[in-house]
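Using the hints provided, position chains C, L and D relative to the given structure of chain H.
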Amino acid sequence: MSWDIASLFSDDTEADRAFRAEVRDFVRDNCPPELKRHGFRIDPPALKPWHRRLYERGWAAPHWPKEYGGMGATLTQQIILFEEIVRAGAPTPYPHGLNFIGPIIIKAGTEEQKARFLPSILSGEATWCQGYSEAGAGSDLASLNTRAVLDGDHFVVNGHKMWTTNGHYADWMFALVRTDPEAKPRHAGISMLLIDMRTPGITVKPIQTLKGDAEFAEEFFDNVRVPQENLLGGINQGWRIAGMVLGGERFTTGHPRYALVYLNQARQIAKETGAWDNPTFRARLTELEIDLLAFLAYYRQAAKLHGANAAPLSMAPVIKIAGGGLAQRSSELLMLAAGGRGPSVEDFPLQSGPVNIGSELFEMRRLSIGSGTLEINRNIIAKRVLGLPDE
Amino acid sequence: MSWDIASLFSDDTEADRAFRAEVRDFVRDNCPPELKRHGFRIDPPALKPWHRRLYERGWAAPHWPKEYGGMGATLTQQIILFEEIVRAGAPTPYPHGLNFIGPIIIKAGTEEQKARFLPSILSGEATWCQGYSEAGAGSDLASLNTRAVLDGDHFVVNGHKMWTTNGHYADWMFALVRTDPEAKPRHAGISMLLIDMRTPGITVKPIQTLKGDAEFAEEFFDNVRVPQENLLGGINQGWRIAGMVLGGERFTTGHPRYALVYLNQARQIAKETGAWDNPTFRARLTELEIDLLAFLAYYRQAAKLHGANAAPLSMAPVIKIAGGGLAQRSSELLMLAAGGRGPSVEDFPLQSGPVNIGSELFEMRRLSIGSGTLEINRNIIAKRVLGLPDE
Amino acid sequence: MDELLSEDQKLLRESAARLCADVGGAKRARELRDSGADIDTEAWEAIREAGWLGVLVPEAKGGAGLGAVELYLLLEQVGRHAVMVPLIETTALAWLVSQSKDEMGLSALLAGRVMVPALAMDGWDFRAGKGAARAAFAASAEEFLMFTHVAGEPALRLVPRDDPGLQFSVTRNVDGSSATRLAYAGGAPVLVRGKEVDAVAARLGDLLALGTAIELLGLCESALAMTLEHLKTRKQFGHPLGSFQALQHRVVDGFVDLETNRALIHRVCVAWDTGTYEPAMIAAVKSRSARIVADIMRTSLQFHGAIGYTDEHDIGILWKHSLALSARYGNELTQSDRFARLTADEE
Amino acid sequence: MDELLSEDQKLLRESAARLCADVGGAKRARELRDSGADIDTEAWEAIREAGWLGVLVPEAKGGAGLGAVELYLLLEQVGRHAVMVPLIETTALAWLVSQSKDEMGLSALLAGRVMVPALAMDGWDFRAGKGAARAAFAASAEEFLMFTHVAGEPALRLVPRDDPGLQFSVTRNVDGSSATRLAYAGGAPVLVRGKEVDAVAARLGDLLALGTAIELLGLCESALAMTLEHLKTRKQFGHPLGSFQALQHRVVDGFVDLETNRALIHRVCVAWDTGTYEPAMIAAVKSRSARIVADIMRTSLQFHGAIGYTDEHDIGILWKHSLALSARYGNELTQSDRFARLTADEE
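Chains as they are written, first to last, in this note's numbering: chain H, 1 to 391; chain C, 1 to 391; chain L, 1 to 347; chain D, 1 to 347.
Here chain H stands alone, though its shape is the one from the complex:
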C-alpha cells in the first residue's frame, strides 16, 4: 500500500501532525494485538480493556467537555484520533454510551443523573444500548408502541424493542417510550427513560445477523418498573431530547473509512487474482476511487463547517447517501476482485492483514438501513433542502 488516497487530502497543521503522531504511537503500544483487525466486529466485553486504556489516557471521549472528563477536543482532533485508531486496524469504542446518550445526559440530564451515569460511560464500565426501534416502527419511529404508565413513583413499561445493537450485553438502555397515547402529532407523546437492564420483567433475545454473529437483540418488557428519577429531560420530551445527538456526536459514523480500507484491499486482491488486468475491474475501481476522493473532500469540509456551527441541513443526509453507497459498492468490488475465492468463509490473507470478504459485504448493508434508511434520507433532501412538494 504505497499509494494512499487519503493522503491526497491531508491538510494537517503542524499541531495536528504532532497530535497524529502521538495517537499513532499510543495505539501501536496500547491496543491489544488480537483486536487489531480491519472491519472485524468485537463484542463489548472483549473491547473493555482497550476502552479502559483510552480512558486512562484521557481520550475516551474527545468530544465531551473537560468538566465531565472529556478532552474538549476540536472536531479536527476528534477526526485525527478516529482516523489513527482506524488506520491501525484497531476498534473504536461503541458509540451508544460515549456518543449518543452521554452527550444527551450532559445537555438534558439533572445533576444527579450526570453524577450517576457519566463516570461509568466514560470509563467503559457500563455498556449502553439504544432502545428506539420496534418491529412496527423502523423508519417511522414516531409510531412506536412501547408504553410507559406512571404508577406512584415508578413508570411501568410494557412493549417490545427490536434491532437493539448490543442489547444482550447492555447494562443500561436509553429507551423512547410512549407516555401519551393521545398526543398529536404522535411524537409529542414520547419520553426517554433510562432503564436498568437487570430490572425484573425484561427478556432479551439476541438476533443473528447476516454476518452470523448476534449484533442486535430484541427486548420484551412485561410490567417493568422504572424509577421516576430515570426519566430524562421531562415527560413527553423524548423526541426533542433524542434529536440532540443527530448532529456532530455521530460524525465519525459517516467517516469514509470503509471505502478507504476496501478499495485498498481490492487493489491488493486484484493483483493476486489477476483481476487487476480486467478492464471492468479497473473501470469500477477508478470510478470508486474518484468518488471517494470527492467524498473525502466533502467530509473534511463538512467537519470544518460543523466545527464552525455552520453545517447545512443537507450535510448529514449527503454523508449518509454518498458515504453509504460508496462503502457498499467498494465492498462489492472486493467480492468481485477475489473471483472464485470471494464467497469463501475463510479470510483472504493480505499484506495489510487478513480480510473476511463476506463479513465486510454483509456488514455494509447496515449503512443504508440503520439510523434512517437511504430512502428516508433522500426524502429529507427532496423536501427540506430542495423544497419539492408533497403529493
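A couple of the hints might just be wrong.
Below, computed lysine-lysine pairings styled on DSS-like, alpha-carbon distance capped at 30 Å [stated by the list, open to error]:
1) Lys383/C with Lys10/L
2) Lys232/L with Lys235/D
3) Lys304/C with Lys27/L
4) Lys61/D with Lys205/C
5) Lys10/D with Lys383/H
6) Lys271/H with Lys271/C
7) Lys383/C with Lys383/H
8) Lys235/D with Lys383/C
9) Lys383/C with Lys232/L
10) Lys235/D with Lys205/C
11) Lys184/C with Lys10/D
In case anyone wonders, no lab produced these hints; they're calculated from the structure. Remember, predicted model here, so these are calculated numbers, not experimental data.
Relative to the frame of chain H, chains C, L and D by itself:
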C-alpha cells in the same frame, strides 16, 4: 465490421434466408444512394420516391392484409424486411400512415373511408400526422382540450395540438378531439377525426428540435370545419380506436437497430481515437453489448409471442424501457469514444459511412419521452404487471 | 414465454416446480448450511428418481434424450427453490461421457454418484490453472474430473476422492456450499486424451457456466417474488411500502432485467440444442446473470429493511447462495472479459 | 460552503454572479451559437474591465494577485450563466507568462487579447500530438500557444493566427463553440524552451482541465435549478411533477453528486494555492465533473419531457454546452484513465 452481434441470434429458416437475400438485393438496387445513411432523419418529401419503389414491389405495408394491398406477411418477415432496410442504412417509410392510422382504418373505418384513404397511404402519396399530444396533455393524454362540436353535418374544431411529427408536411391528420367535455372518465368523451390539413382555420408552426431540424410542428385550430363523414369509428370512441395500434403495428419502432448501429460505430471510432485501449470504454462497451444480446433475444421472442397472439402485457413496456435505455446509453458511448471530436457538428467519417454523433445523441432522447415516457411505462409494469398498490 | 414451450416442456416444468418446492426452499438451504453438508441428499435422491440426471443423455444410453431447453426448465426450479444439488455438474458430465466411446462412469453418474469437474482457479477454463483447480461440491464429491497432462498431451481424468495423488482441503462458502482448491499428481483413469480434450473441455465449461446462470435466474425470480410480497404487505407511514413510487420503479428495473435475461437464457439453450451456440453467448449469459442478480439482491435487501439484515430471514440465504453461484465457473468480471476477448475483432 | 470563504471571497462571488447574470444566460448562448461567433465579445469586454483576466497574476505585474479559489468563484458563475468566453484559457496563460522572465504577451492577455493554448488531440497532454493539436475558441483566437520542437528541444511558442506556418480550419461544436485541429511548422517566438517546458505544460494543462471542470460545476447548478423549477410548476395527473417520489429521488442523487463535486473542486483549488496539488486530483476532478454532468443532464432532460427536446428550451443549449466542456481538455474516459495510470502503483 467483421463481428456482427446480431448474427449471434439469427434463427432464420431456409425460407427466411431466401426472403432476406431478396430484400437485400432489392434495397441495394432500388434505394437512392443519397438516402442511405444510418440514423439520418429525412423529411417526408425526400422520402417519397423510395416509398414509391417499395410500394411498387408490394412491400410498403408488409403487415396489412392482402385485400387492402398489403403483403399479409408474418411478423418474422416484417422484421426481416425492416432489418435489411436498416442494415443497408436505408430509411424506413414514416409509420404514421402505414403503421398507425392505416391499420385503424382497416379495423374501424367504413367502406367509404377505406376506399378513400388507404390507397394514398399505401403508395405514400399522402403524408399523415398524428394529432394526439397537446401542450398540457403529454403523458396524461386523457386530459386533452381540443374541442369538436357538431354543427349541422360538420364538426367545428378549436384548440391546439403539439409535438406533431411531420405536422408541417402532412396532408392529413388523425386527431383525438374532445366531443363530450362532461364525460367521466375523461377519456370516454374523446373522438377521432381525420382532418384535411388544408382546411381553412388551421395554422401550422414547425418546432425546432435539439437536432436543429423541424421534426415536429404545432397546429392551431380556429373554427376548423371537418365533415361528419371524417369521424372514424363513432362518436366518443376515439380512445378505444387509438388503443388498437398500441400493439404489433408499432413493433418495429422498438427494434434494437439503434444500439446495434451505435455500438458498431463506437468500436470503429474507438479504434481510431485510441479509446479502444481505455478500460472504462471497454467495460462500458462490453456491458452494453451483453445487454444488447439479451435485448435481441427478448425482442425476437416477443415477436414470436406477438405473432402467436400470446404477448404478455409487460411486453411493450419492457421493450420501451430496455430498448430505449440501451439506445440512449449506446449513443452516449459514441460521444465518449470520439473524445475531443465528439461534440463537433461535423460528421465522423467511418468505413460503414459517416455518423453525426451529436444528432444521434439528441435524437435518442425521443425514446424515453415519446409514446409514453419512461416513467409511465414503469408505472404500467409496477401496477398492472407486478400488482403493486396505489398510494 | 409459455407459448414458446411444447406441451411436454410445460408439463416438465410443472413437475420440476412441484418437486423442488417439496424438497427445497430457503429454510431448507439454511438448515443444510448449519448442518455442514454441501449437498441435500434427500433432494438429490428425489432428483435421481425423477430421472433428471440423464436429461442430456441419449435414450439409447439410458438417458432422457432431451436438450438444453429441458435442462433449463429443471435448473430454473432448482435455483428458484435454492436446492443444493450438483445437478448441472452431473448432467453436464453425463452428457460428456455419453459421447465418448466407452462411456466410462455414465451408469454411476445416472445412479447419482457425485462426480464434479475441477476447473481452473477463478476461471471458466480448464486449461489456465497451473495444476491447481477449483471444484464445487467437493465436500461430498466421490470423484473429480481433472485436467491433466499425459506425456505432453492434455488428458481429462476421473480421480477418486481417496486417490493419494489428490491434494485438497475443503473450504466453505457463505451459503454452506463448498469451493475447494485441488491439485493432482497421479495416474487415475483417463477419460479423454489428446487434441480433442480442448474442445470437450471448452464445451463442458460452457455448459457448467450456462447451467449456473440458469440457477441464478431462478434465484432472481425468487428474490423478486419475496420482495414484491414484502412491499405489498409491510406498511410505513400508514401506506404499504409498495405504494411508494421510488421503490416501485426500482423493482420494475429488476423485473425488466430479469425478463430480458430469461429470454437470453432460453435463446442460448435453443442455440445449444441446434448446434449454433457460440462461446461468447455463454460468457454473456454468465456475466449478465451475475450482474443482474447483484442488482436485484441489492434492491431486495434494501427494501426488506432491518429484517433483511437478519440471518433468520430467507432473503439473506438467497443472497449468500447468489454470491456462491455468481462466483462459480467464472464471475461477472471473468466472463465479461472473456466476452470482450471473444468479440474483440482485432485487425 | 460560505463559511469556508473569506469576506473578500464572498464579495467577489457576488459581484461575479451579478456580472455573469447581466451578460450571460442560456438565451444569450443560443443567440451566439446562431450568430456563428464562438466568443461573446460584450461579455468578454465586461470581464476584462472587471479585472478578472489577471486573477492569478501577481499584483506587481499588473494582476490581482489572487489564487485558484478566487478563479473558482469566477468560473463557477461563468459556467452557471453559460457565458461563452475564454476565461480559463486567458487566466491560465497569463499566469504562465507572468512566471517567465520576459513576460511575453502578458500585457496583451490582460488587455483581453484572445490567445489560446493548443493541446494534443483529445488529451489533456501537450506532448502526445504528433504535430497536430486541438484548440478551443479558435474561430476568434488571435494567437495560439503551441507545443513544438526547436533543435530537438521542446519549445512552447506563441503563434499568430496569420502565421503562414499555421494550418487549421475552424470546426464547430454543437453549442457553437469551436474546436479546431491545428498543425504548425514555422518559426514563431518561443515562450519557454528546454526541459522546463514539460513541467510548465503539464501544470498549464492541469489548470485548463480544472477550470473547465469548474465551468461544468456551474452548469450543473443551473441545470438542477431549472429542473427543480420545472418540477415545482408543471403538473401531471393533477399533481405537480415534483411530488412524484421516483422523480424526487433521482434529483436528490444529482444534488448529492453535485455537492460532493463542489467540495472536491474547492479542495483541489486550495491544494493548487498551497502548492500541494497533484495531477491525479485534476484528473479526478475533470473525469468526475464530466460524468456527473452527463448524469444530471440525463435526469434534467428526461424530466422536462417533450419541451426539453426542443431547441427553444434553455435546457437543450445547456446540454450542448456541457458536451463541449466535457470533451475539452480530456473527456471522462481520457481523464479517468489518466487518474488510473497516475495512481497505478505498479511494482
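Here is what the structure says about each hint:
| no. | hint | in the structure |
| --- | --- | --- |
| 1 | Lys383/C with Lys10/L | 28 Å, holds |
| 2 | Lys232/L with Lys235/D | 28 Å, holds |
| 3 | Lys304/C with Lys27/L | 39 Å, violated |
| 4 | Lys61/D with Lys205/C | 57 Å, violated |
| 5 | Lys10/D with Lys383/H | 28 Å, holds |
| 6 | Lys271/H with Lys271/C | 28 Å, holds |
| 7 | Lys383/C with Lys383/H | 25 Å, holds |
| 8 | Lys235/D with Lys383/C | 21 Å, holds |
| 9 | Lys383/C with Lys232/L | 11 Å, holds |
| 10 | Lys235/D with Lys205/C | 25 Å, holds |
| 11 | Lys184/C with Lys10/D | 57 Å, violated |
Going through the hint list in order, the structure does not satisfy hints 3, 4 and 11.
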